[in-house]
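Engineer: Residues 1 to 375, numbered by full-length UniProt numbering, are exactly what the sequence shown covers, in order.
Don't take every hint at face value.
Calculated lysine to aspartate or glutamate pairs in the EDC-like style (CA-CA distance at most 20 Å, straight line) [stated by the list, open to error]: (1) Lys-226 <-> Asp-204; (2) Lys-26 <-> Glu-68; (3) Lys-290 <-> Glu-257; (4) Lys-226 <-> Asp-286; (5) Lys-226 <-> Glu-344.
Quick list of the computed label-pair ranges, beta carbon to beta carbon [to be verified]: (6) Glu-301 <-> Asp-185: 28 to 34 Å; (7) Gly-102 <-> Lys-290: 22 to 28 Å; (8) Arg-148 <-> Ser-362: 25 to 31 Å; (9) Asp-358 <-> His-50: 52 to 58 Å.
Don't read these hints as lab results, they were simulated from the structure.
All C-beta atoms in this analysis are idealised placements derived from N, C-alpha and C, irrespective of residue type, glycine included.
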Amino acid sequence: MAQATREFGDWPLKRLMTEVVGSGHKSADDMTREQAREAFQRILAGEPDHTSLGAFWLANRWKRNDAEELAAYVDVMREESVVTAEPDADPVDCGANYDGKGRSAVLGVAAGAVAAAAGTPIVVHSGDRVPTQKQDSYKHVLDELGVRTEIEPSESADMVDETGFGYYYQPAFNPGIDDLFERRDNMGVRTFVNTVETLANPADADVHLGSFYHLPFAVKMTDTLKAAESQSVSRTLFFQGMEGYDDVRPGTTVVGEWGSVRSTDESASGERSDPRDNEGDEELDDFEIKTAEYGMDFESEDLGVEDVAAESAEITEAVLAGERDDQFTDAVALNAALRIYAREDADSIDEGLETARDVLASGEAEAVLDDLRAF
Numbered sequence: 001m002a003q004a005t006r007e008f009g010d011w012p013l014k015r016l017m018t019e020v021v022g023s024g025h026k027s028a029d030d031m032t033r034e035q036a037r038e039a040f041q042r043i044l045a046g047e048p049d050h051t052s053l054g055a056f057w058l059a060n061r062w063k064r065n066d067a068e069e070l071a072a073y074v075d076v077m078r079e080e081s082v083v084t085a086e087p088d089a090d091p092v093d094c095g096a097n098y099d100g101k102g103r104s105a106v107l108g109v110a111a112g113a114v115a116a117a118a119g120t121p122i123v124v125h126s127g128d129r130v131p132t133q134k135q136d137s138y139k140h141v142l143d144e145l146g147v148r149t150e151i152e153p154s155e156s157a158d159m160v161d162e163t164g165f166g167y168y169y170q171p172a173f174n175p176g177i178d179d180l181f182e183r184r185d186n187m188g189v190r191t192f193v194n195t196v197e198t199l200a201n202p203a204d205a206d207v208h209l210g211s212f213y214h215l216p217f218a219v220k221m222t223d224t225l226k227a228a229e230s231q232s233v234s235r236t237l238f239f240q241g242m243e244g245y246d247d248v249r250p251g252t253t254v255v256g257e258w259g260s261v262r263s264t265d266e267s268a269s270g271e272r273s274d275p276r277d278n279e280g281d282e283e284l285d286d287f288e289i290k291t292a293e294y295g296m297d298f299e300s301e302d303l304g305v306e307d308v309a310a311e312s313a314e315i316t317e318a319v320l321a322g323e324r325d326d327q328f329t330d331a332v333a334l335n336a337a338l339r340i341y342a343r344e345d346a347d348s349i350d351e352g353l354e355t356a357r358d359v360l361a362s363g364e365a366e367a368v369l370d371d372l373r374a375f
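Based on the provided sequences and hints, a complete structural model is requested.
Structural biologist: Structure representation (structure tokens):
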């Protein structure tokens, strides 16, 4: 332990448990940014013994991390584990929960292809059966569709530029987090790693799209990205997703948005402004949409499937080919609209929806899938 202390600093996980985070969810203190950074550096280096690591993860779950701690974790992850590969395009980073879905179709591949065909580049990323749910994610739908997924980050960036849609594979771009698989699996519950891995942003995108169960989580995630020093996200869009994934939930759904990519355009002086410095951009704005008014006049159960990966792939093919005109097509169109709106390629969700429906009718989205398969 003495060697570890000299290498990392004064805060091994056992000491953090005793003096800061381990006293219970009501009495525990938040860590300083420096303490949180050291903790995650130790974890990625494999320094803590397994008992200390499990206790630390569980204590953080009870205590609930604040945005400053999460930002520190994100920064360490991106500095010491993430291999970024930035495409020439400026995509929307879609940060769905890596542990996947088990009851409803994954619509993000189809929605992403529609958005890409409309001129909004899309990046998605995931692992393979990530704990704790270890269910179907982007990778498994793409595998069923015959799209290569186990590729290097540079290839993922090329995929974005060549097709408008890119997939980044966690073991390739975030090996330090992938190395924690067994320890996370043995926990039996989600840890803060499940949260920060969705913010890895391997394409260094300016826009992040994500989902939440409750609005305070969207606020915390946006505050985390604002506080992170390893990336400069200028806009976020969050909505209530099905199963915590980035497929919008039917019904009355809350949407939260912050920032603007347009405000980062170069001024006459040639300097770029950062919306995080602008007064009025400090807080997440939230509003409700009724999905029935956007064509999703059905319940969540109507998007249910039994074999998530296989049926999601079949639905994707049929929707993009124009062979379905049902609830899945409506859901894909609205999810594509949210992606187009997230990048501000449409001034409203209504405008994004009109664009998405036009793209579906034209067959251009099916061509994106063809390009992905040929890549």
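Engineer: Now, for every hint given, state plainly whether the structure supports it.
Structural biologist: Here's how the hints hold up against the structure:
1. Lys-226 <-> Asp-204: Since the Cα atoms of Lys-226 and Asp-204 sit roughly 14 Å apart, the hinted pair holds (cutoff 20 Å).
2. Lys-26 <-> Glu-68: It holds: about 18 Å lies between the C-alpha atoms, which stays within 20 Å.
3. Lys-290 <-> Glu-257: 17 Å, holds
4. Lys-226 <-> Asp-286: 17 Å, holds
5. Lys-226 <-> Glu-344: 19 Å, holds
6. Glu-301 <-> Asp-185: 28 to 34 Å: With a Cβ separation near 30 Å, Glu-301 and Asp-185 satisfy 28 to 34 Å, so the hint holds.
7. Gly-102 <-> Lys-290: 22 to 28 Å: Holds, at about 27 Å.
8. Arg-148 <-> Ser-362: 25 to 31 Å: 26 Å, holds
9. Asp-358 <-> His-50: 52 to 58 Å: At 54 Å between Cβs, range holds.
Checked against the numbered hints given earlier, this structure breaks none of them.
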